[in-house]
Amino acid sequence: MKKIVSVILAVMMALSLASVAGAENAAPPPQYNPLEYGMEPFASPVTIKIPVFDRARDDVPDVSSTYYTKWVNETFGKNLNVTVEFVPITRTDTMGAYNLLLASGDWPTVFMEYDWPKVSQWAADGALADIDVDAFIAAAPTWTEMAGGKAQFDMFQMQGEQKVLPALRPYWDTNYTYAIFYRKDWYEQAGIELFTTYEEYLAALQTFVELGYTNGKPILPKKAFSENFQVYAESEWPRNEEEWAMYSDVSVAPLPARGAYYLLKKQNLEYSLGLYSTEFELDSEGDGSATQAITDFINGEAYTYGNYLAADMPDLTAFYQNNPDAKLGVIYNNTVYDPWIDAWGARTVPQGRATNPAGMFVGFSSKASEDELKAAWLYMEWMAQPDVLFYMQNGVEGETYNLNADGLPEVVGGYQGDYWMGYGNNKDYWCIVVEVRTVGTIEQTIESIAPKGLPQDLTQELIDNYYILKAYANDGLLYVDPFFSVNIDSVSEYAGDLKAKFVEYATALVKCDPAEFDALYEQYVQEYKDAGYQAVMDERLEAYKNGLSTVLPDIAAGRAPYEPSDITKVVETKYTIGE
Amino acid sequence: MIAQRSLGRSLKRSFGTGSVPERAIAAAAKYWQLYAMLTLPLAFVILFNYCVYPNLRIAFMNYRPAKGWASDWVGMGTFAKVFKDKDFFRAFRNTLVFNVADVILQFPAPIILALMINELRAKAFKRVSQTILYLPHFLSSVIVASVAYTLFRPETGLVNVALMNAGFIAKGIPFLTEKWHWVITYLTINIWQQIGWGSIIYLAAMMGIDPTLYEAATVDGAGRFKRLRHVTLPGIRPTIVMLLIMRMGQLLGSGFERLNAFGNVNVREFQYQLSIYVYEKGLGPAGDFSRSAAVGLFQTLVGLVMVLLSDRAAKLLGEDGLV
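In order, the protein sequences belong to chains A and B. For the first sequence, the numbering used here gives the first residue as 1, with consecutive numbering after it. For the second sequence, the numbering used here gives the first residue as 580, with consecutive numbering after it.
Rather than coming from a laboratory, the hints here were simulated on the basis of the structure. Every residue, glycine too, gets a C-beta built ideally from N, C-alpha and C. Errors might be hidden in some of the hints.
[As the list claims (entries may be wrong)] The following label-pair restraints were derived from C-beta to C-beta distances: (1) A:Ser44 - B:Tyr632: 35 to 43 Å; (2) A:Gly414 - B:Phe686: 31 to 39 Å; (3) A:Asp325 - B:Phe686: 55 to 63 Å; (4) B:Trp771 - A:Gly398: 35 to 43 Å; (5) B:Ile779 - A:Gly212: 49 to 57 Å; (6) A:Asp130 - B:Gly875: 43 to 51 Å; (7) A:Ser64 - B:Leu714: 48 to 56 Å; (8) A:Val551 - B:Phe623: 39 to 47 Å; (9) B:Trp771 - A:Pro29: 22 to 30 Å; (10) B:Met786 - A:Thr83: 58 to 66 Å; (11) B:Asn634 - A:Gly38: 45 to 53 Å; (12) B:Leu613 - A:Thr83: 17 to 25 Å; (13) B:Leu635 - A:Asp58: 37 to 45 Å.
[Stated by the list, open to error] Over 12 Å on every C-beta distance to chain B, these chain A residues come out as not near it, computed from the model: (14) Glu145; (15) Ala151; (16) Glu236; (17) Asn323; (18) Leu458; (19) Tyr467; (20) Val486.
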């Protein structure tokens with residue numbers, strides 16, 4: 001017995017020695033010393049708390065302690081006498097997570113959100129400091145320049161006060177970082193051409209079910225599960241500007257909007273044709289992250305899969321492992337064109353929601369000391385340095401990325417070694433500077449975020465998708481939600497409850513007998529309005545009428561003529577279907 | 580009362596007939612180890628149950644996390660808002676109905692089980708079955724719910740698939756996806772999960788029944804059922820009454836974890852209870868902590884009144900009561 005124990009101990013010792021030796025062989029981490037960028041250390045130690053999204057995934061390291069968070073502290077922190085703490089924020093309940101931090105007095109130094117209503121709520125509550133813009137620009141010139149300068153800052157003031165700063169979102173007008181993939185091989189196997197009309201689309205899906213390619217639930221009405229219920233593609237054209245101001249928002253679903261009616265009616269039709277699982281509502285997480293839909297796709301049962309692009313997309317990797325012979329295609333202009341609406345005959349122009357013209361809205365705690373503010377600004381400035389940003393986005397050469405023939409970094413898919421990166425190539429850390437990882441031109445950028453390590457190369461299709469979207473954007477067909485310069489209090493008050501109600505109503509509407517749809521819709525719209533949505537509509541409309549919001553681009557509002565460019569004419573009727 | 584009296588008696592036995600403080604000091608000196616062990620739970624109760632009392636004032640404020648205690652006072656404003664809310668009454672109704680159903684269906688179940696276990700004579704079998712019956716209590720309701728969904732989904736649930744394959748039914752039974760079915764499934768699973776654990780206290784009470792009473796009853800010609808009815812049940816009656824009074828205090832109680840885990844959009848009509856209300860309109864993204872506190876305070880006050888009333892009722896019926 002003793003012998004066995006001593007052998008085991010010896011082996012363990014040898015292994016640990018070997019691992020130490022291995023670590024010594026690795027290249028030392030780069031020293032992007034902030035002092036070399038002209039920053040000065042603080043006289044007394046400063047701690048800053050930076051929020052980082054916790055996406056509850058098991059394929060990424062613990063968000064508050066990764067190789068890179070340690071590196072930030074070793075490099076930026078140590079040299080400036082600053083400790084950088086990363087505070088996990090539940091991605092699906094941002095406001096709840098922040099509220100708990102605020103209520104317990106454990107305020108983060110930096111507040112970050114993509115959604116305007118949320119930052120506007122923080123500002124209204126007094127959580128955000130007034131930003132001394134000149135002092136900020138002096139401390140963080142690189143960051144400012146990247147974000148687009150003071151003119152860009154001015155666009156996001158709240159009643160003359162600068163409460164947040166907009167981080168850069170490159171190519172924001174196209175939403176090209178999100179893609180929906182579909183089962184191209186099903187068309188080939190069945191010998192069907194890709195549809196050009198809605199009838200053909202339905203017929204194709206029904207054929208796939210009949211041929212047994214799927215267990216009978218090829219699509220999932222994901223959109224019905226979340227308050228982020230976008231109906232731009234289903235809306236009338238040109239837009240009624242007042243309705244756009246009342247309805248367009250990611251935090252409350254616009255159930256009474258005509259677009260919502262069409263979209264739900266379409267889903268009701270598809271459900272009645274047996275294209276959805278009869279249990280789809282049980283597979284939702286209530287926040288749009290329908291995990292069952294992902295599982296179904298990985299198992300080869302689902303028709304589409306949508307996600308933000310990254311060089312390493314574990315779901316796609318798993319999909320090809322399970323379905324080695326499968327072939328995927330990219331659905332072009334997915335958020336722009338819903339052929340069903342044309343089948344219904346209401347609209348002739350595809351239109352869509354561009355993403356925010358900014359990445360993160362970055363604000364600062366109104367309780368932060370002068371040193372803490374300064375340290376947070378320097379942290380942003382340091383992170384915006386090209387070398388630092390490159391290291392945070394790409395990691396270690398030969399481990400997490402390799403240089404390709406053009407000398408551009410290519411991420412190694414599925415890497416989980418010592419230099420394991422956070423979600424989306426550390427996105428939730430460098431999002432404080434820039435929203436997407438760009439390298440060289442847009443085509444090279446797409447190439448770098450196109451999923452790698454798969455049997456199929458989808459890069460060209462993703463590039464095509466960008467150009468199609470770009471044509472729409474150039475034509476003025478992609479536009480954004482209104483930005484209100486006042487907080488819409490009723491949104492803060494009712495959003496949580498309306499979300500729960502919307503999910504309940506939308507599910508019932510999708511599952512009801514098509515003959516009863518209209519009556520049920522009317523009933524739910526009334527209940528929804530009574531539950532607070534009327535107040536939301538009224539308050540938004542009033543703010544819009546008082547000139548406290550942005551306005552629609554002239555083309556979308558019908559104030560300027562719409563002239564489709566050649567590319568828009570060509571792609572309008574082809575290859576398209578929303579999720 | 581009974582506890583106080585017996586304590587008094589035992590103090591007298593041990594420490595003579597001095598004045599109360601003298602006796603208490605004598606008792607403390609003799610049993611200091613026991614009192615030392617009591618300090619920790621006592622500190623826990625003081626810290627987490629009494630020290631938070633001042634913070635209940637957020638029910639009377641329009642509390643915003645960012646403003647903290649500097650938030651505006653609104654007096655009874657939050658209560659007015661809650662009592663005007665239709666959803667509150669839906670949640671209130673559901674909570675009340677579920678708790679009454681629970682008292683009727685679930686409260687007697689552990690008593691019956693305890694009586695049955697008590698009649699078992701094979702010791703080994705008794706112990707094994709008791710352990711098996713306790714086990715579900717230790718499972719988190721999230722786990723129980725996810726197992727329940729795996730078993731009872733209408734289309735792909737194991738039970739429905741088995742029944743359909745056997746030809747008993749043509750279409751899956753919506754155990755958890757139709758509101759009336761859901762109520763029955765929900766309550767039944769709750770009984771299954773808690774029945775074993777609930778029976779422990781009654782079994783303990785049965786141990787305390789004087790065995791000579793059984794002997795006397797047997798001599799008088801009482802059979803098993805007569806002994807059960809005239810000896811065992813009266814023997815555990817004080818325990819039943821005490822637990823019932825305590826249960827009445829939770830008449831508006833509503834556990835979030837369990838409801839949330841078992842909930843789905845099809846059954847919100849019934850699943851929407853006070854804890855869900857508190858979460859969705861209060862603690863959740865809305866961040867309306869004042870509303871949560873107001874509803875919590877209301878639940879507690881109703882609970883207090885119910886305990887006092889049922890205690891009084893028990894005393895009128897000749898029981899000892901709790902207070």
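Structure-based check of all given hints:
For A:Ser44 and B:Tyr632, the hinted distance range of 35 to 43 Å is satisfied, since their beta carbons lie about 39 Å from each other. For the hinted restraint 31 to 39 Å between A:Gly414 and B:Phe686, the CB-CB distance of approximately 55 Å leaves it violated. In this structure, A:Asp325 and B:Phe686 meet the distance hint of 55 to 63 Å, their C-beta atoms being roughly 59 Å apart. Range check, B:Trp771 to A:Gly398: about 57 Å between beta-carbon atoms, so the 35 to 43 Å window is missed.
Checked against the given bound of 49 to 57 Å, the beta carbons of B:Ile779 and A:Gly212, roughly 53 Å apart, stay inside it. Between A:Asp130 and B:Gly875 the C-beta distance comes to about 36 Å, which lies outside the given range of 43 to 51 Å. Roughly 36 Å separates the CB atoms of A:Ser64 and B:Leu714, a value that falls outside the hinted 48 to 56 Å. In this structure, A:Val551 and B:Phe623 break the distance hint of 39 to 47 Å, their C-beta atoms being roughly 59 Å apart.
Between B:Trp771 and A:Pro29 the C-beta distance comes to about 56 Å, which lies outside the given range of 22 to 30 Å. A hinted range of 58 to 66 Å holds for the C-beta pair B:Met786 and A:Thr83, which are about 59 Å apart. One distance hint, 45 to 53 Å for the beta-carbon pair B:Asn634 and A:Gly38, holds here, with the actual separation near 47 Å. At about 47 Å, the beta-carbon gap between B:Leu613 and A:Thr83 misses the expected band of 17 to 25 Å.
Here the CB-CB span from B:Leu635 to A:Asp58 is close to 39 Å, well matched to the stated 37 to 45 Å. Non-interface call for A:Glu145 relative to chain B: holds, since the shortest CB-CB distance, roughly 31 Å, exceeds 12 Å. With a cut of 12 Å on Cβ distances, A:Ala151 stays outside the contact zone with chain B, its closest approach being about 29 Å. No beta-carbon of chain B is positioned within 12 Å of the beta-carbon of A:Glu236; the least distance is around 29 Å.
Every CB of chain B is more than 12 Å from the CB of A:Asn323 (nearest about 21 Å), matching its label as outside the interface. The beta carbon of A:Leu458 is kept farther than 12 Å from every beta carbon of chain B, the shortest such distance being approximately 31 Å. With 12 Å as the threshold on Cβ separation, the claim that A:Tyr467 sits away from chain B holds: the shortest Cβ distance comes to roughly 38 Å. Its beta-carbon lying about 17 Å from the closest one in chain B, A:Val486 satisfies the requirement of being farther than 12 Å from that chain.
Hints 2, 4, 6, 7, 8, 9, 12 from the earlier list are contradicted by this structure; the remaining hints agree with it.
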